[in-house]
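S.K.: Below are the chains, spelled out letter by letter.
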Amino acid sequence: MILTKDMKMADAIHRNYLLLPVINRLGIQLGFQDKSIEKICTEKGVDVSFFLSILNAFLDTKKTTTGQIQTHSVKNVVAYLLKTHSYYIERIIPEIENRINLLLQHSQLNKTEFLLVKNFFEEYKRELYVHISLEEDRVYPYMVEIAEAYHLGHANSTLIAKIKSYPIASYEEEHSDIEAKLFDLKNILIKYLPEPKDSYLQNQVLTMLFTLEQDISDHARIENKVLVPQITQMENALLKPQN
Amino acid sequence: MIAIATASFVVGKGLMHILKELYSGRRIVLVSSEMELKALLEQNKISLLIASIAILNEIKPLAPKNIQIVKLMDSRPNYLQLDYNNSELLYSDDDESQVLHTLKRNLALMDKTNTANKSESELSDRELDIVREVALGKTNKEIADKLYISTHTVITHRKNITRKLGIKTVSGLTVYALLNKLIKMGDSF
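Line order of the protein sequences matches chains A and B. With this note's numbering, letter number 140 in the first sequence gets 123, and the count goes up by one each step, no holes. Add 17 to the 1-based position in the second sequence for this note's numbering, that's all there is to it.
I should point out that these hints are in silico values taken from the structure, not numbers from a laboratory. For each residue, glycine too, the CB sits at the ideal point set by N, CA and C. You may find that some hints are simply not true.
As the list claims (entries may be wrong) - Residues from chain A shown here face chain B by an in silico Cβ test under 8 Å; the list is partial:
| id | residue |
| --- | --- |
| 1 | Leu92 |
| 2 | Asn93 |
| 3 | Glu96 |
| 4 | Phe97 |
| 5 | Leu99 |
| 6 | Glu105 |
| 7 | Ala163 |
| 8 | Lys164 |
| 9 | Phe166 |
| 10 | Asn170 |
| 11 | Lys174 |
| 12 | Tyr175 |
| 13 | Glu178 |
Unchecked claim - Examples of chain B residues lying across from chain A (beta carbon under 8 Å, computed):
| id | residue |
| --- | --- |
| 14 | Tyr165 |
| 15 | Ser167 |
| 16 | Ile184 |
| 17 | Ser188 |
| 18 | Gly189 |
| 19 | Val192 |
| 20 | Leu196 |
| 21 | Ile200 |
| 22 | Lys201 |
| 23 | Met202 |
| 24 | Gly203 |
Let's have the full structure, built from the sequences with the hints guiding it.
M.R.: Below, the structure is given as structure tokens:
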């Protein structure tokens, strides 16, 4: 089922608690009382239709639902994606690191096994950060620039040159290896580390990894299914008068 | 591994001889008492057990579940006809064709279950070689040259490894290889 503006905000969270960080990023904190989604959004000055598209795309991963986001401005979508980046960097990654460190402190793992996991996660983190800064420094500004030119109805020659040399499609490949590393790390914990006396701490790390994975896949879906096709269309439209 | 368990020296040696002629590829172990058989079962993975009914009755509660068993019976009761479909029983008065038929059938079954299990999850020896090389940071081309196979074959092996292990990246395979002691710390760098 899809969320609507008349539903209570609290019910959205009862539907799927993983929405919690998503609504925080959109500028809404807990303490909902029994207010509707619309009422809270109005109070906080959040565009309710944008809010609903983002939440529904998270809940229902079908292409059509995610596609709804396309009715909103590229700038707003990019602003939301930037907030998901800072959520990864400031919150979830440090938390996973803390939990991995606990595995050694409570001697669930010997030093070698611990270092294997820790270094693997470090490597993942480095790649994630490189990817994030590429997006923030180059991809997102480019997207916003294209959208602005598109709405103005023309692009200057510098932008035309950019479209020709680095179209949005040339950035697409980037996500795959980062997703694969996260996938591997889960299997290392689930399958290949020696059996612990008590799995509790490993479970916690895994729970965080699954949460991160779902959040990142939502993030990537918005980029690949909404922004990239939208920007590609705009690029083509901007190139046309040149021919 | 194939195990033969019977108190009869002649029957045991005879079976061993026949099995070796039919199937030279696998280790065959002969034991003569339920004590020896217990020890053997504890320490080894037995795929096929050929045992006298007396020994089997003794170890019954301990017998592993997924093991393929052939019972060695005393002479065939008169009322029982020759039955080629029952491959679980060998009678002491079975003729040559009956014995060979039963053994061949069991060897084939054993191979079938072994390969079925292997292809689903366990890595083959060749795949283990590849994991080791990948973990050491070798490229597909270097691995192909070292193992005298084509790059194409290396790629196929790597696809199967990823499918079997659920590990997609080179650094993931390195961690796997270290945890499973396929390589040692320091080998890689």
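S.K.: With reference to the structure, classify each hint as holding or not holding.
M.R.: The hints, checked one at a time:
At its closest, the beta carbon of leucine 92 of chain A sits 10 Å from a beta carbon of chain B; the interface hint therefore is violated under the 8 Å criterion. A least Cβ separation of about 11 Å between asparagine 93 of chain A and chain B goes past the 8 Å threshold, and the interface hint is therefore violated. Given the 8 Å rule on beta carbons, the hint for glutamate 96 of chain A holds: about 7 Å separates it from the nearest Cβ of chain B. At its closest, the beta carbon of phenylalanine 97 of chain A sits 12 Å from a beta carbon of chain B; the interface hint therefore is violated under the 8 Å criterion.
For the restraint placing leucine 99 of chain A at the interface with chain B, the shortest Cβ-Cβ distance is roughly 5 Å, inside the 8 Å limit, so the hint holds. Violation of the interface hint for glutamate 105 of chain A is found here, the shortest Cβ-Cβ separation to chain B being roughly 10 Å, above the 8 Å cut-off. Interface hint at alanine 163 of chain A: satisfied, since its Cβ lies 4 Å from the closest Cβ of chain B, which is below the 8 Å cut-off. Interface restraint check for lysine 164 of chain A: the shortest CB-CB distance to chain B comes to about 5 Å, inside 8 Å, so the restraint holds.
Restraint check, phenylalanine 166 of chain A versus chain B: the minimum CB separation of about 6 Å is within 8 Å; hint holds. Below 8 Å, beta-carbon pairs count as interface contacts, and asparagine 170 of chain A has one with chain B at about 4 Å; its hint therefore holds. The restraint placing lysine 174 of chain A at the interface with chain B holds, with a minimum CB-CB distance near 7 Å, inside the 8 Å limit. Interface hint at tyrosine 175 of chain A: satisfied, since its Cβ lies 5 Å from the closest Cβ of chain B, which is below the 8 Å cut-off.
Annotation: glutamate 178 of chain A was flagged as interfacial toward chain B, and the flag is violated, the nearest CB pair being 12 Å apart, outside 8 Å. Violation of the interface hint for tyrosine 165 of chain B is found here, the shortest Cβ-Cβ separation to chain A being roughly 29 Å, above the 8 Å cut-off. Interface hint at serine 167 of chain B: violated, since its Cβ lies 25 Å from the closest Cβ of chain A, which is beyond the 8 Å cut-off. Against a cut-off of 8 Å between C-beta atoms, the interface hint on isoleucine 184 of chain B holds, since the closest Cβ of chain A lies about 5 Å away.
This hint holds: serine 188 of chain B has a C-beta 6 Å from the nearest C-beta of chain A, less than the 8 Å allowed. For glycine 189 of chain B, the interface hint holds, the least distance from its beta-carbon to any beta-carbon of chain A being 3 Å, beneath 8 Å. Taken as an interface hint, valine 192 of chain B checks out: its beta carbon lies about 5 Å from the nearest beta carbon of chain A, inside 8 Å. Because the beta carbon of leucine 196 of chain B sits about 5 Å from the nearest beta carbon in chain A, less than 8 Å, this interface hint is met.
For the restraint placing isoleucine 200 of chain B at the interface with chain A, the shortest Cβ-Cβ distance is roughly 12 Å, beyond the 8 Å limit, so the hint is violated. Hint status for lysine 201 of chain B relative to chain A: violated, with the closest Cβ pair at about 10 Å, above 8 Å. Interface restraint check for methionine 202 of chain B: the shortest CB-CB distance to chain A comes to about 7 Å, inside 8 Å, so the restraint holds. Using the Cβ-Cβ criterion of 8 Å, the hint placing glycine 203 of chain B at the interface with chain A is not satisfied: the shortest such distance is roughly 11 Å.
Going down the numbered hints, you'll see the structure goes against 1, 2, 4, 6, 13, 14, 15, 21, 22, 24, while the others check out.
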